[in-house]
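In our numbering, the protein residues as written are -12 to 90.
This list has only true hints and no planted wrong ones.
Heads up, simulated SDA-like pairs for lysine to any residue below, C-alpha to C-alpha not over 25 angstroms straight-line:
(1) Lys7 / Tyr(-3)
(2) Lys6 / Arg20
(3) Lys(-4) / Arg9
(4) Lys41 / Leu26
(5) Lys41 / Asp30
(6) Lys41 / Tyr89
(7) Lys69 / Arg55
Simulated restraints, written as ranges between beta carbons of each label pair:
(8) Arg(-1) / Arg28: 42 to 50 angstroms
(9) Ala77 / Asp54: 18 to 26 angstroms
(10) Thr38 / Leu90: 18 to 26 angstroms
(11) Thr62 / Leu26: 51 to 59 angstroms
It should be emphasised that the hints constitute simulated quantities derived from the structure, not laboratory data.
Each residue gets a CB set at the ideal place from its N, CA and C atoms; glycine is no exception.
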Amino acid sequence: LMASGALFKYNRRSFFFDKKMRQEREFQEQDMRVEQFGLYREDVRDLVDLTVSKMDLYLIAAALLADRLTVMICTQTEALTKNAPNWAVALNSMSLASSMFYL
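Just need the whole structure built from these sequences, with the hints factored in.
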């Protein structure tokens, strides 16, 4: 009888200890998940910043190319000879226009 009472108290203490450890583990898991999603947000923020900075560089390059293409379109009659065939002028115009649309 005495042994069963001691065994019950031992099991009860173990149960409460395990319960406390399980609760602490669950809280630690929640804290780790919150921190992990914070890191995910930071990664997404970094990727967005990189993309925006890259697009700014592309915008500058595209503006410079558009400027050069506009100049070439406006002065294409000076670039070709006076007796250039019409098909060569048409191909040059189409090439410059498609370059502009490609940008």
